[in-house]
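Asks: Residue-level listing of the chains:
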Amino acid sequence: ETGVTQTPRHLVMGMTNKKSLKCEQHLGHNAMYWYKQSAKKPLELMFVYNFKEQTENNSVPSRFSPECPNSSHLFLHLHTLQPEDSALYLCASSQDSATNEKLFFGSGTQLSVL
Amino acid sequence: EDQVTQSPEALRLQEGESSSLNCSYTVSGLRGLFWYRQDPGKGPEFLFTLYSAGEEKEKERLKATLTKKESFLHITAPKPEDSATYLCAVQGGATNKLIFGTGTLLAVQP
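Those protein sequences? They're chains A and B, same order as listed. 3 is the number that my numbering gives to position 3 of the first sequence; each next residue is one higher, with no gaps. 146 is the number that my numbering gives to position 32 of the second sequence; each next residue is one higher, with no gaps.
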């Protein structure tokens, strides 16, 4: 596989469930990102990892918990979400988050919280 | 405050009808302006990076230009396959964060 792969593509969960989103990049990049995309709103940066270290947490509620075990894999653990958390969650990667480089995005996970 | 505004919000063109999308920005110390294309059900796909006023880049029917206040994405003789949402993002300011606009939804009818 090439590029950035996200699973699952779609997820429906109740407010009391615990689930995880997975992202894998096959580009040899060192930086990985989680973005939230809601209708009519700009992409919203959630977390940044550079060389496996978290470099940014954009005031994200604790019900979202990221994990980056290595430079190729990124997870977003979800628990006790709210209906307003329903959105498209996008993973992205780049060579290095400290430089101004283009991002490579996955196709996203469409999350619905009931 | 650093800001990106895209217009129009939506644009409908006939095949072959050229037009332009606008991205206005306010950021102190621009380090890069990015254009992405996003198809339904997919993540954004990189198109161009522009770094300084006066710079232009082209790819097939698309041409991106940059001034000190805005960028234009010119679409020449568009085809239905050019239909997508086009996103603009700027990087710079004190935090060097990447700030996205809300996008322009382009529909090209045959």
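Worth flagging that the hints you see were computed from the coordinates, not collected in a lab. Check each hint, because a few of them may be wrong.
Label pairs and their computed distance ranges (CB to CB) [stated by the list, open to error]:
| hint | chain 1 | residue 1 | chain 2 | residue 2 | range |
| --- | --- | --- | --- | --- | --- |
| 1 | A | E44 | B | E123 | 15 to 21 Å |
| 2 | A | P61 | B | E115 | 40 to 46 Å |
| 3 | B | E195 | A | T5 | 37 to 43 Å |
| 4 | B | H188 | A | N70 | 37 to 43 Å |
| 5 | A | E44 | B | G168 | 20 to 26 Å |
Over 10 Å on every C-beta distance to chain A, these chain B residues come out as not near it, computed from the model [unchecked claim]:
| hint | residue |
| --- | --- |
| 6 | P122 |
| 7 | S132 |
| 8 | V141 |
| 9 | K156 |
| 10 | P158 |
| 11 | E159 |
| 12 | H188 |
| 13 | T190 |
| 14 | A191 |
| 15 | D196 |
| 16 | N210 |
| 17 | K211 |
| 18 | T216 |
| 19 | Q223 |
Even for Gly, the Cβ is constructed at its ideal location relative to N, Cα and C.
Asks: Please go over all the hints and tell whether each is borne out by the structure.
Replies: The hints, checked one at a time:
1. A:E44 to B:E123: 15 to 21 Å: With a Cβ separation near 18 Å, E44 of chain A and E123 of chain B satisfy 15 to 21 Å, so the hint holds.
2. A:P61 to B:E115: 40 to 46 Å: Violated - the Cβ-Cβ distance for P61 of chain A and E115 of chain B, about 23 Å, lies outside 40 to 46 Å.
3. B:E195 to A:T5: 37 to 43 Å: Once the Cβ atoms are compared, 24 Å apart, the range 37 to 43 Å for T5 of chain A and E195 of chain B is violated.
4. B:H188 to A:N70: 37 to 43 Å: holds (42 Å)
5. A:E44 to B:G168: 20 to 26 Å: violated (31 Å)
6. P122: holds (14 Å)
7. S132: Non-interface label on S132 of chain B holds, nearest chain A Cβ at 26 Å vs cutoff 10 Å.
8. V141: The assertion about V141 of chain B holds, with a minimum of 12 Å to chain A.
9. K156: violated (5 Å)
10. P158: violated (5 Å)
11. E159: Since the minimum Cβ distance to chain A is about 7 Å, E159 of chain B lies within 10 Å and the statement is violated.
12. H188: Holds, since 20 Å exceeds 10 Å.
13. T190: holds (23 Å)
14. A191: holds (26 Å)
15. D196: holds (19 Å)
16. N210: violated (7 Å)
17. K211: violated (7 Å)
18. T216: violated (5 Å)
19. Q223: Given a closest Cβ separation of 23 Å, the condition holds.
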